[in-house]
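Residue numbers (the numbering used here), protein chains in the order written: chain A, 1 to 312; chain B, 1 to 312; chain C, 1 to 312; chain D, 1 to 312; chain E, 1 to 312; chain F, 1 to 312.
Errors might be hidden in some of the hints.
To be verified - No farther apart than 16 Å at their CA atoms in a straight line, the calculated lysine to aspartate or glutamate pairs in the EDC-like style are these:
id: 1; chain 1: A; residue 1: Lys302; chain 2: C; residue 2: Asp98
id: 2; chain 1: C; residue 1: Lys302; chain 2: F; residue 2: Asp49
id: 3; chain 1: B; residue 1: Lys171; chain 2: A; residue 2: Asp49
id: 4; chain 1: B; residue 1: Lys175; chain 2: A; residue 2: Asp49
id: 5; chain 1: C; residue 1: Lys33; chain 2: B; residue 2: Glu218
id: 6; chain 1: A; residue 1: Lys175; chain 2: B; residue 2: Asp166
id: 7; chain 1: F; residue 1: Lys171; chain 2: E; residue 2: Asp166
id: 8; chain 1: D; residue 1: Lys33; chain 2: F; residue 2: Asp49
id: 9; chain 1: A; residue 1: Lys175; chain 2: B; residue 2: Asp192
id: 10; chain 1: B; residue 1: Lys175; chain 2: A; residue 2: Asp98
id: 11; chain 1: A; residue 1: Lys96; chain 2: B; residue 2: Glu129
id: 12; chain 1: E; residue 1: Lys48; chain 2: B; residue 2: Glu300
id: 13; chain 1: F; residue 1: Lys171; chain 2: E; residue 2: Asp98
id: 14; chain 1: B; residue 1: Lys96; chain 2: A; residue 2: Asp98
id: 15; chain 1: C; residue 1: Lys33; chain 2: B; residue 2: Glu300
id: 16; chain 1: F; residue 1: Lys302; chain 2: A; residue 2: Asp49
id: 17; chain 1: C; residue 1: Lys175; chain 2: D; residue 2: Glu43
id: 18; chain 1: B; residue 1: Lys302; chain 2: E; residue 2: Asp98
id: 19; chain 1: A; residue 1: Lys33; chain 2: E; residue 2: Glu42
id: 20; chain 1: E; residue 1: Lys302; chain 2: D; residue 2: Asp166
id: 21; chain 1: B; residue 1: Lys171; chain 2: A; residue 2: Asp166
id: 22; chain 1: F; residue 1: Lys33; chain 2: D; residue 2: Asp98
id: 23; chain 1: D; residue 1: Lys175; chain 2: C; residue 2: Asp49
id: 24; chain 1: E; residue 1: Lys33; chain 2: A; residue 2: Glu218
id: 25; chain 1: E; residue 1: Lys302; chain 2: D; residue 2: Glu42
Unchecked claim - Sample of chain E residues facing chain F (criterion: CB under 10 Å; computed from the structure):
id: 26; residue: Lys97
id: 27; residue: Ile131
id: 28; residue: Arg136
id: 29; residue: Ile137
id: 30; residue: Asp166
id: 31; residue: Arg190
id: 32; residue: Phe201
id: 33; residue: His202
id: 34; residue: Leu285
id: 35; residue: Ala288
id: 36; residue: Gly292
id: 37; residue: His299
id: 38; residue: Glu300
id: 39; residue: Gly301
Please keep in mind that the hints were generated in silico from the structure rather than gathered at the bench. The beta carbon of each residue, even a glycine, is placed where N, CA and C say it ideally should be.
This is what each chain is made of:
Number of protein chains: 6
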Amino acid sequence: MKIFCGRSNPELAREICIYLGIELGKCIVHKFKNDNTFVRIEENVRGKDVFVIQTSAIPVNDYLMELLIMIDALKHASASRVTAVLPYYPYARSDKKDQPRISITARLVADLLETAGADRVLTMNLHSEQIQGFFRIPVDQLLASPILCDYFSKSGLENFIVVAPDAGSAKRAEKYALTLGLPMAVLDKRRDPLNDTVEIFHIIGDVKGKDAIVFDDEIATGGSMIETANALIEQGARDLHAGAAHAVLCGDAPRKLQESPYKQIVVTNSLPVEGEKKIKKIKVLSVAPLFGEAIRRIHEGKSLSELLRKHL
Amino acid sequence: MKIFCGRSNPELAREICIYLGIELGKCIVHKFKNDNTFVRIEENVRGKDVFVIQTSAIPVNDYLMELLIMIDALKHASASRVTAVLPYYPYARSDKKDQPRISITARLVADLLETAGADRVLTMNLHSEQIQGFFRIPVDQLLASPILCDYFSKSGLENFIVVAPDAGSAKRAEKYALTLGLPMAVLDKRRDPLNDTVEIFHIIGDVKGKDAIVFDDEIATGGSMIETANALIEQGARDLHAGAAHAVLCGDAPRKLQESPYKQIVVTNSLPVEGEKKIKKIKVLSVAPLFGEAIRRIHEGKSLSELLRKHL
Amino acid sequence: MKIFCGRSNPELAREICIYLGIELGKCIVHKFKNDNTFVRIEENVRGKDVFVIQTSAIPVNDYLMELLIMIDALKHASASRVTAVLPYYPYARSDKKDQPRISITARLVADLLETAGADRVLTMNLHSEQIQGFFRIPVDQLLASPILCDYFSKSGLENFIVVAPDAGSAKRAEKYALTLGLPMAVLDKRRDPLNDTVEIFHIIGDVKGKDAIVFDDEIATGGSMIETANALIEQGARDLHAGAAHAVLCGDAPRKLQESPYKQIVVTNSLPVEGEKKIKKIKVLSVAPLFGEAIRRIHEGKSLSELLRKHL
Amino acid sequence: MKIFCGRSNPELAREICIYLGIELGKCIVHKFKNDNTFVRIEENVRGKDVFVIQTSAIPVNDYLMELLIMIDALKHASASRVTAVLPYYPYARSDKKDQPRISITARLVADLLETAGADRVLTMNLHSEQIQGFFRIPVDQLLASPILCDYFSKSGLENFIVVAPDAGSAKRAEKYALTLGLPMAVLDKRRDPLNDTVEIFHIIGDVKGKDAIVFDDEIATGGSMIETANALIEQGARDLHAGAAHAVLCGDAPRKLQESPYKQIVVTNSLPVEGEKKIKKIKVLSVAPLFGEAIRRIHEGKSLSELLRKHL
Amino acid sequence: MKIFCGRSNPELAREICIYLGIELGKCIVHKFKNDNTFVRIEENVRGKDVFVIQTSAIPVNDYLMELLIMIDALKHASASRVTAVLPYYPYARSDKKDQPRISITARLVADLLETAGADRVLTMNLHSEQIQGFFRIPVDQLLASPILCDYFSKSGLENFIVVAPDAGSAKRAEKYALTLGLPMAVLDKRRDPLNDTVEIFHIIGDVKGKDAIVFDDEIATGGSMIETANALIEQGARDLHAGAAHAVLCGDAPRKLQESPYKQIVVTNSLPVEGEKKIKKIKVLSVAPLFGEAIRRIHEGKSLSELLRKHL
Amino acid sequence: MKIFCGRSNPELAREICIYLGIELGKCIVHKFKNDNTFVRIEENVRGKDVFVIQTSAIPVNDYLMELLIMIDALKHASASRVTAVLPYYPYARSDKKDQPRISITARLVADLLETAGADRVLTMNLHSEQIQGFFRIPVDQLLASPILCDYFSKSGLENFIVVAPDAGSAKRAEKYALTLGLPMAVLDKRRDPLNDTVEIFHIIGDVKGKDAIVFDDEIATGGSMIETANALIEQGARDLHAGAAHAVLCGDAPRKLQESPYKQIVVTNSLPVEGEKKIKKIKVLSVAPLFGEAIRRIHEGKSLSELLRKHL
């Protein structure tokens, strides 16, 4: 077994290697002056079971091409099996054709990974579960949800309610609500029929006097999270918490969240949370043991389902 | 252009041909005594643009194999393009891996259709939009929703509310609610923490004194529809209506629905509604003009997006 | 090594497992109320060498789809190799294009198996040997012929003749005749030039006063077998026996054969011979040791050719 | 439409072009001094419907590679469709795995043709009909049989019998017998049980005092034809005729056939019959009009089945 | 016919459309805040012959993913044919495995383009001609060389010599020398055997007192060009000119070239030469008419070879 | 591990087996009288790691088809991995499209090898390094260059110069020059502008009074080597030597080389040098240890790069 990583989240890769008690594989990954990505694997991988860790951080396309080139180099260097480990899957929100003449890019990415030579994929909390069907190669999806639930459970949950930030995430929120034994509410967002530019936010369900946890799969611009917070406060909710697997936090999301009504925002390190992203309100839970254990089991041919059963 | 159909819904195929003003292509489709399906296309199709209409009625596997064999026969008879027209897509609910070691059969079906030689697919109201991403060939998805909304709009909608029969269909219900300009509610279904075999149904949102339309993509056993009806009545809803694109109506669903609190159940003829399925409460809207128009546009290279813009 | 089976012939699968001294793998295979087939593998198969036993019994399409779904589930559950074990291959008679615009469905089935993820195929007595060429994956074909010959040899063969029930099976009959050291005859079947609806049956070769064994690869409706029997009796043959690898026995074949002039009909359990199929005249020979041994050798990388050399 | 040919049978290609009233496409096909085949198409073929005529004459591998290179050159020169026209299909007798660890080379050739870029295949009298199933691309098989039957019918057929030179060709012979309205017999060939090196030939069926026509799909070494002739004469047949689609005539077959008891040997020009192959007893019927008409119909998208209906 | 372009070189795309007298197709191409590229084609393309123009400018990976997503969107919007027009092919220098365990990324890019759905490729002056063999789809390679030669010829070429900046480009330089009727020289670059960090540059051939044109396929960092200039001057060459098809000009190449001994640097607009790249010494020749004419011919099925014959 | 060989260079195969200390695998390879190639593997290869040695000697197409059929037979006999060992790769010079409407046959050969079932390729001194990119399967390229350099170094190299026989091989010659620490020169070959049929040869660089070694990748007709020799002598070179990896030596090349000014011609046994090819001036160096060691390392999953580092 060999583990390599691209440049998107080397800290997570190092933590995973520590969990597994092995050294991170050596490879050179850089860009030439003409902006072409270059990869050279610095260790013999013939007949080896190789895992490449690369998450879809920003710059997204650079990290994706970096991954494809690494896989190609590993396959032509005769690795016996290459597993692409994608803690945060690229283009996961482009998973349907909800406008004419657009690309289902999450599917295109699956095809590109297969073309480059990936033999299997290990990922976490896909935006929609159907993305697993975009692959012909086996895909294992880990879940950050139990890690998030554990964290919130320990803090005590009396008089709490789970809130879905839109109708599309109602099902996901319901799972959290079931696990935590809490009631749930849903944000209903629509345009004002009298003035099309005004959006009206309405909470379906009773949140008055309750502490709320808003769960989503990822926090990107933070807009949806903050709209939900405002609507919750308007309808009399008390303390607000947010939970999400992936901390994309693009643009001025960190600042906006720090200034928002949330008391805390709980995420994982599927994406690096560093520098100005590391605001005070954010709590980062590590998924390194989860990925490390999954990699170990895949390598040894043991079942992953047990690992998932502890989860949502 | 030539249109052929299997044995799953010949009535719909005939209606589509009437819309298009052409004759249904001749072919022999039967089973030998050894239960092997046999297909012989009875017209020259060399260089023709061929559409094969087959819906996923019961018996599901027989109709699927029939379709695969027809496509194979057409391709080897040198049809220039074969479009599989699937008003109700087979195995659409098997679209994710929500248990260990199961098949994403909706994806497998996509692969089988491509293997048999289908060049494109025309379908309607997929269980999840991501299923389009299961195909490498182009897929056009039609929507029955505007036909259903039109129907309900004409009957007057004062004091109505749209209801999602579970959290997973909240997003779909939201679209109906937006189109019809109605508020919405969601059924929250969970096990009793004290007694695991008892399910508790709770409506999130306020339905008291309102007439409700419960929307789903399909009605199979009717169980989910009837649970929702009971919860709605318990919480004080008045008249109940049901709307769905696909009328699977398996087992004793027709009888149960006839005896249920619903005043009417509105569906389309994407699946044949005949014999004992044709209960009094059911209202069947035809999608033949929708499919006919889509086929005409595909054949002539015109845009389908206009056809969809009128829809949800 | 793991062995699973579909619902087409569990008895044979159990016998094979007894031969191998291992337990049949656990899996759930059933149909939902909407007639959709569902499969869940109940054991970890990561990195395992898996064999799936499914014969093409009636209902043919259901069992075929069941097999495809099982293979898909196993591959996505990371089985390292999946061998489809098909004692009676589906659609084997649809192996050529002898009419315009038909499907070579035996080839389509090969493509579907590969698409679902089968890595190799183990089958027995294909209707034509060329079907092996329909696959890109390796195919091993076992032969029931030595088992049938052994059985007849033990009963004594003095004054016997081998008869082919039509010109197309002359080559197969010749092989039996060579193995048993017997002369052969062929049934020549043609339409009366004076009256096109009347068929004339004529035996080429001398059968007078001889005991005859009519060999075919399968007995489906029994029509061909009974026509041959009548022609043999007309030309003075004495006791009649029938031998075939596959006992399809569809429709009222069992009754017709029981009432026919044959003294006995010898077949194998490549298809289940149960219930009303189990007529008195039928003798069922087990191919479980043959399949068990072949599976063992495939698993251990040993040669199968020795196993076949004992055969025709 | 453009027609090109390799170097295997330019005379047939020219005859086909005369039938179609078009000129043969210009191309350079030769071998470099290092024995590498070189092809350059000398006319623009962008968007054209191209047919490449190449039969499997000797040297077989050179002509096959020549064809593959021509197809590759045509596809990369942007021909819209390339049909490989193979009057005599290469490696047609290697169509099954009747020994361990051999290649089904007829299937491999199908794969090679598809890999090189062939979009369809037009061929004639395949050794076994199942070979059509070796292709994923459409295959049209023409039949020389009606041309042969016409020829024999014109000469008068009173007191004739059709003879199959072995059990494997009994079905083919039966078709000729049915078309010509003649009885049939089959040569039964086996080893002497007392002395394994001696072969015993026995005619099943009554040939005494009859004129016989021995039909096969091809005449290669002529050995099988001559053995049949000897057995027929031994059992009292009178005049002997031979009919076959393909005149391979390898080694000293021409001389042996000229010295054999046959009065005439009727073949087609699917393979060139020139030089020392053109013995006196041989009668060559042209298939150029048959191929020319088939090419015209394929190009114009008309049915070929009518063309075949006139045939066996 | 429709022409679309990405964001890499819209000016060239506009010039090509002017040459063709058609309007550039409308499409939206931008990045979401989460750095995901988004594409929506704003015109119906069903059954259309579509060309997408995208050159490999910096940022390379963004423009490549943009192109892949555009092709995917166009194919799923049912374009009948998509030609990727790549004036400067991405990763062209990664065309061989000259170190262990690296990727032949130019080949990977070819695979990615095919996977996304490209039906053909139109490009110019590939780094090595073998890259055409990396594709299974047809590739047309245009040549800027005659445009460069025309330009230099007009300026008068008395007492000139062509110089190859390294041994690997000797063959390319030889073609220029042949076209221009000039002698040639080659720069021999090697390490000092006494001091491994010192590179020794030596001109093979006689350049004394001559005006030199140094030809390369691209100018990236300019380093190789400037080393050649220094060696030429040292060996007594007079005026220096540089010619190259592709103006990558990365880093401080523009400044270094402006300060170099070259009198002028002649390139094409296969890559945008704008802003600080537009130094005084640079002369940009347009390839828009060349690409425009090639696109017209590809669309109309006319030969491109005539277009190339005017070239090197 | 098993090693098999075709009929192109059995002597080299035997040497390789001696190096490895294993026996050459048994197989039957011959041609039937109808010129069809037949292969039967005579040993069980189930699950084995198989290497097939076949070089592209004359007759080229026969040996290529022989190899494809062997690979197909091995894969269908369930070999776990088949490595095609091609000391001299077929059609290596057809690696680009330098004329309109020709085939890049080196790429077609790569596709044919993959289609037949090759899992990897081991070859030596490809005509251009880009050919590695024609394959999707892993390719290892060995280099004869250090073997040649070793040989020349031992003879003493004072006052020597390396010469490239044309501009296209300047890069290759440069590598030899760097390894041997020698200066280099290049033959510039062009047509006389006054008389187009006369070729003018001119050596770029100073060869006067020096001993020259002309390096090329292969010697086919010997024409290029002899032209270079003549130009060298004209410009005052002294003793001439030639070095090349592959000894194609077609036509009367042996005789011409023997009569040429070269003192010796050093090649390897990648192609058999036997019979009249074995002229006095030729020195054949064995690559058997190189291939044997590479095969051993591939089988054991060890790095090949060390093996290459000793090389150019």
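Cross-check of the supplied hints:
no.: 1; hint: A:Lys302 / C:Asp98; result: 50 Å, violated
no.: 2; hint: C:Lys302 / F:Asp49; result: 14 Å, holds
no.: 3; hint: B:Lys171 / A:Asp49; result: 42 Å, violated
no.: 4; hint: B:Lys175 / A:Asp49; result: 47 Å, violated
no.: 5; hint: C:Lys33 / B:Glu218; result: 14 Å, holds
no.: 6; hint: A:Lys175 / B:Asp166; result: 12 Å, holds
no.: 7; hint: F:Lys171 / E:Asp166; result: 8 Å, holds
no.: 8; hint: D:Lys33 / F:Asp49; result: 36 Å, violated
no.: 9; hint: A:Lys175 / B:Asp192; result: 15 Å, holds
no.: 10; hint: B:Lys175 / A:Asp98; result: 12 Å, holds
no.: 11; hint: A:Lys96 / B:Glu129; result: 6 Å, holds
no.: 12; hint: E:Lys48 / B:Glu300; result: 11 Å, holds
no.: 13; hint: F:Lys171 / E:Asp98; result: 13 Å, holds
no.: 14; hint: B:Lys96 / A:Asp98; result: 19 Å, violated
no.: 15; hint: C:Lys33 / B:Glu300; result: 40 Å, violated
no.: 16; hint: F:Lys302 / A:Asp49; result: 14 Å, holds
no.: 17; hint: C:Lys175 / D:Glu43; result: 54 Å, violated
no.: 18; hint: B:Lys302 / E:Asp98; result: 50 Å, violated
no.: 19; hint: A:Lys33 / E:Glu42; result: 35 Å, violated
no.: 20; hint: E:Lys302 / D:Asp166; result: 55 Å, violated
no.: 21; hint: B:Lys171 / A:Asp166; result: 8 Å, holds
no.: 22; hint: F:Lys33 / D:Asp98; result: 19 Å, violated
no.: 23; hint: D:Lys175 / C:Asp49; result: 47 Å, violated
no.: 24; hint: E:Lys33 / A:Glu218; result: 14 Å, holds
no.: 25; hint: E:Lys302 / D:Glu42; result: 14 Å, holds
no.: 26; hint: Lys97; result: 5 Å, holds
no.: 27; hint: Ile131; result: 7 Å, holds
no.: 28; hint: Arg136; result: 8 Å, holds
no.: 29; hint: Ile137; result: 12 Å, violated
no.: 30; hint: Asp166; result: 8 Å, holds
no.: 31; hint: Arg190; result: 6 Å, holds
no.: 32; hint: Phe201; result: 13 Å, violated
no.: 33; hint: His202; result: 8 Å, holds
no.: 34; hint: Leu285; result: 24 Å, violated
no.: 35; hint: Ala288; result: 23 Å, violated
no.: 36; hint: Gly292; result: 20 Å, violated
no.: 37; hint: His299; result: 18 Å, violated
no.: 38; hint: Glu300; result: 17 Å, violated
no.: 39; hint: Gly301; result: 14 Å, violated
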